[in-house]
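Protein chains: 2
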Amino acid sequence: MAMKKKPVTGMKDILPREMEIRDYVIGQIKETYRTFGFSSMETPCVEHIENLSSNQGGENEKLIFKILKRGDKLSSAVSRISEATVPDVSTLTDSGLRYDLTLPLSRYYANNANELGSPFKALQMGNVWRADRPQRGRYRQFMQCDIDILGEPTILAEIELITATTTLLGKIGFEKFTIRLNNRKMLKAMAAYSGFGEADYDSVFITLDKMDKIGLEGVNSELIEQGYSEESVDKYLDLFDKVTPDAEGVRYLKDTLGEYLEPGIAEDLETIISSVDSVKSADFKIAFDPTLVRGMSYYTGPIFEISMDEYGGSVGGGGRYDEMIGKFTGQSTPACGFSIGFERIVMLLLERDYQVPTSKNKVCYLVEKNMPSEKMLEILKKAKEEREQGTIVNIAIMKKNKKFQKEQMEKEGYTEFVDFFVNKL
Amino acid sequence: MAMKKKPVTGMKDILPREMEIRDYVIGQIKETYRTFGFSSMETPCVEHIENLSSNQGGENEKLIFKILKRGDKLSSAVSRISEATVPDVSTLTDSGLRYDLTLPLSRYYANNANELGSPFKALQMGNVWRADRPQRGRYRQFMQCDIDILGEPTILAEIELITATTTLLGKIGFEKFTIRLNNRKMLKAMAAYSGFGEADYDSVFITLDKMDKIGLEGVNSELIEQGYSEESVDKYLDLFDKVTPDAEGVRYLKDTLGEYLEPGIAEDLETIISSVDSVKSADFKIAFDPTLVRGMSYYTGPIFEISMDEYGGSVGGGGRYDEMIGKFTGQSTPACGFSIGFERIVMLLLERDYQVPTSKNKVCYLVEKNMPSEKMLEILKKAKEEREQGTIVNIAIMKKNKKFQKEQMEKEGYTEFVDFFVNKL
Chain V
1 MAMKKKPVTG MKDILPREME IRDYVIGQIK ETYRTFGFSS METPCVEHIE NLSSNQGGEN
61 EKLIFKILKR GDKLSSAVSR ISEATVPDVS TLTDSGLRYD LTLPLSRYYA NNANELGSPF
121 KALQMGNVWR ADRPQRGRYR QFMQCDIDIL GEPTILAEIE LITATTTLLG KIGFEKFTIR
181 LNNRKMLKAM AAYSGFGEAD YDSVFITLDK MDKIGLEGVN SELIEQGYSE ESVDKYLDLF
241 DKVTPDAEGV RYLKDTLGEY LEPGIAEDLE TIISSVDSVK SADFKIAFDP TLVRGMSYYT
301 GPIFEISMDE YGGSVGGGGR YDEMIGKFTG QSTPACGFSI GFERIVMLLL ERDYQVPTSK
361 NKVCYLVEKN MPSEKMLEIL KKAKEEREQG TIVNIAIMKK NKKFQKEQME KEGYTEFVDF
421 FVNKL
Chain C
1 MAMKKKPVTG MKDILPREME IRDYVIGQIK ETYRTFGFSS METPCVEHIE NLSSNQGGEN
61 EKLIFKILKR GDKLSSAVSR ISEATVPDVS TLTDSGLRYD LTLPLSRYYA NNANELGSPF
121 KALQMGNVWR ADRPQRGRYR QFMQCDIDIL GEPTILAEIE LITATTTLLG KIGFEKFTIR
181 LNNRKMLKAM AAYSGFGEAD YDSVFITLDK MDKIGLEGVN SELIEQGYSE ESVDKYLDLF
241 DKVTPDAEGV RYLKDTLGEY LEPGIAEDLE TIISSVDSVK SADFKIAFDP TLVRGMSYYT
301 GPIFEISMDE YGGSVGGGGR YDEMIGKFTG QSTPACGFSI GFERIVMLLL ERDYQVPTSK
361 NKVCYLVEKN MPSEKMLEIL KKAKEEREQG TIVNIAIMKK NKKFQKEQME KEGYTEFVDF
421 FVNKL
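If you read the protein sequences in the order shown, they are chains V and C. This note's numbering numbers the first residue of the first sequence as 1 and each following residue consecutively. This note's numbering numbers the first residue of the second sequence as 1 and each following residue consecutively.
Only chain V is shown next, with the shape it has when bound in the complex (with noise of 0.2 Å):
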């Protein structure tokens, strides 16, 4: 079979430009969460196939990338479909690839809680890996960052993460974005108030989750299209134009909606945005977001998106999952999280030309070429005694086009050039 160069559909080889950036920003995101108290963590990037099909995932369970079995479990299986008549695919498979950090930190969890500490305060980063169709930006593997603080039933949660997070957007140069906050809770009794059954919530929030594209008038035509009372849709989106996005929004449906809220709900958002708003230290809003859905269904409490105009989209969000780690264990466990759109974040910064923060100086060794064994030596002592200093020094074999090879060490970066010859050391 002949050699392939390029890399499996969709996924990609990462040039040294943009490892720097990658580099750099990781070591940002293990500073900061750091500071906060968070402890590294890793999950094997394959997990068991039961796990990855349990439902948690959402839509993204579709995309596993699935690892087929091995030695007799793989010949039996094959056999098996050889005399099915309606052959089962799935007995071919014993595992897949992640496709989120939010499962397996979960069974890492239940798995180890006896160790960890709690509340357990976790910064996870690895790749994830999704069979979406490729298109521009979008690639099957990708870099996920969440941070997750598990056993903490209080907003103390919420805030500790959007605080170290608007933190860390700072220290990388990023400003003027916004925090948008919600609570499944309120979504929900802003859709009971209203009139829905509680079996159209999923649908309705689909639609409602279009607000920012279509307005209210495209969210009032696609709920009447599908079928929902003109009663429910008029009060539900009345709502919707009467609420700020501040805490005097929250406290606007608090009291509205009365007792289709649960007691507490609006009060936690409007400290959550108070304290987050407080102690901030990069220039961003903080802001009650009535129509923000997050997709998973997993979340049961505040949930939070960073917005980016910049983007035109989300870099990141989360939120409360209190029931997950639960499936694993039998017991529910309070559990929080953030997850930064890791690739996101380096493409904005690429774009930007972003220059990593460095103190080194680069200089580069150009040695003619046969340099005698002993002369050498003296060379690679000073290299020696610079690198020492902390200074970056490559060492390469002067090439016949000189100018053109500095050209080329300039554009990685080397400022200063030794020129070591033959007869002249």
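Hints were generated in silico from the structure; no laboratory data involved. Some hints could be false.
Treat identical chains as interchangeable: a pair holds within one or across any two.
Said to hold, decoys possible - Calculated cross-link-like contacts (lysine-lysine; reagent style BS3-like; alpha-carbon spacing at most 27 Å): (1) Lys12 - Lys62; (2) Lys176 - Lys381; (3) Lys242 - Lys188; (4) Lys384 - Lys285; (5) Lys382 - Lys171; (6) Lys384 - Lys280; (7) Lys12 - Lys30; (8) Lys6 - Lys327; (9) Lys171 - Lys362; (10) Lys171 - Lys30; (11) Lys384 - Lys424; (12) Lys424 - Lys280; (13) Lys213 - Lys242; (14) Lys30 - Lys360; (15) Lys62 - Lys6; (16) Lys280 - Lys382.
Take the given structure of chain V and dock chain C to it, following the hints.
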């Protein structure tokens, strides 16, 4: 299907204590190699099955985790299998998880050479997967760390790789290790001189590789058993009997092997040894070892390995493989690499109970339950100030058993505690 708590067979969850060491070692690796002019790069974890099965990976190819095709391609592969009398399992898969970083690096270089430096000094860290039989301390997913210099034909590559790697090992506290050095061409010349046929080299080298376990006597009987002539075996083992593990040994072989040895090989080995020795910044030995074989058939020149007594085996190794990139490009490109046994190094540091050097204070705020939000705000502000000074601040809600809670936090490295009570703030 029930959810599974344990990781998949042979893979592991990494706990915070180990992650702290891993993150530290990763940081030191990136920092050290950067100073030597290496650039980070990355390839996808998934590779074309054609590349993985190209016979560049020796025994490791048998251990590939293969990925199932998707959609229509899967359906048609399955229906072909149901119809076939002898089912061809290979039609079910189009890709697999990489089993090393060298093959993907070669593909990467072939795909991106125009955008890379010349020579290209690469640092690649990432997971690889091998469906080995699970055993203590060996996992099916493990991190590899490879540095390679592509496009440099002279031994400057070998010297820089060995110097950078030994500098790294010194920085993370290793000493008294040995770099064993040989050359595939020296190995072959010794076999040729003794009268072995070229077709027998691989089998002779497999036996030679056991020298450290079974000794000269053992190698002797195994070669005789395999049917090689007593004359050849005697001549061969006499070489090993007389050679010393140093520059003198190299010179002895140069004189003895005569024209069997390509010109320059002995001189290069001597220069590598003396150069590495002269600029070393850690306490280690570099020694010529004519019994060093290195398994992979793709090596074409100098080969080397790190031996550590406390581990009783190799914690890294590499060599020159000038013919591999040509398989992708049709044009041979000088290449030399060093693969560091990242997992072994982490394991050794864990066993030593290595303490990661950190200058940061770790402070824990314990906040009484139901703290009013305006008081909570004061606490958050205080945390913000301390964090901006670089202190690690963890805020936790005070538990009933505060003493136990503090003990737990002490285990996580927190040395300072501040209590906040509702009525005392």
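Here is what the structure says about each hint:
Taking CA atoms no more than 27 Å apart as the test, Lys12 paired with Lys62 passes in both settings, with 22 Å inside one copy and 25 Å between copies. In this homomeric assembly, Lys176 and Lys381 come within 27 Å of each other (Cα to Cα) only across copies, at 22 Å, whereas the closest approach inside a single copy is 49 Å. Within a single copy, Lys242 and Lys188 get their C-alpha atoms as close as 18 Å, which meets the 27 Å cut-off; across copies the closest is 85 Å, which misses it. For the identical chains of this complex, Lys384 and Lys285 are inter-copy neighbours only, at 18 Å across copies versus 49 Å inside a copy, given an alpha-carbon limit of 27 Å.
For a Cα distance limit of 27 Å, the shortest separation of Lys382 from Lys171 across copies, 19 Å, qualifies, whereas the shortest one inside one copy, 36 Å, does not. In this homomeric assembly, Lys384 and Lys280 come within 27 Å of each other (Cα to Cα) only across copies, at 9 Å, whereas the closest approach inside a single copy is 44 Å. In this assembly of identical chains, Lys12 and Lys30 lie within 27 Å of each other by CA distance both inside one copy and across copies; the values are 24 Å within and 21 Å between. Taking identical chains as interchangeable, the C-alpha atoms of Lys6 and Lys327 lie at most 27 Å apart only when they sit on different chains, with a minimum of 14 Å there against 41 Å within one chain.
Taking the shortest Cα distances, Lys171 and Lys362 sit within 27 Å of each other both inside one copy (24 Å) and across copies (21 Å). In this assembly of identical chains, Lys171 and Lys30 lie within 27 Å of each other by CA distance both inside one copy and across copies; the values are 12 Å within and 21 Å between. For the identical chains of this complex, Lys384 and Lys424 are intra-copy neighbours only, at 21 Å inside a copy versus 58 Å across copies, given an alpha-carbon limit of 27 Å. In the homo-oligomer, the alpha carbons of Lys424 and Lys280 lie at most 27 Å apart only across protomers (26 Å), although the nearest pairing inside one protomer, at 59 Å, exceeds that limit.
Taking identical chains as interchangeable, the C-alpha atoms of Lys213 and Lys242 lie at most 27 Å apart only when both belong to the same chain, with a minimum of 19 Å there against 82 Å between chains. Proximity of Lys30 to Lys360 under the C-alpha cut-off of 27 Å is found in both arrangements, the shortest distances being 21 Å within a copy and 14 Å between copies. In this assembly of identical chains, the alpha carbons of Lys62 and Lys6 lie at most 27 Å apart whether taken from the same copy (26 Å) or from different copies (23 Å). Taking the shortest Cα distances, Lys280 and Lys382 sit within 27 Å of each other only across copies (12 Å), while inside one copy they are farther apart (47 Å).
Of the numbered hints given earlier, the model fails none.
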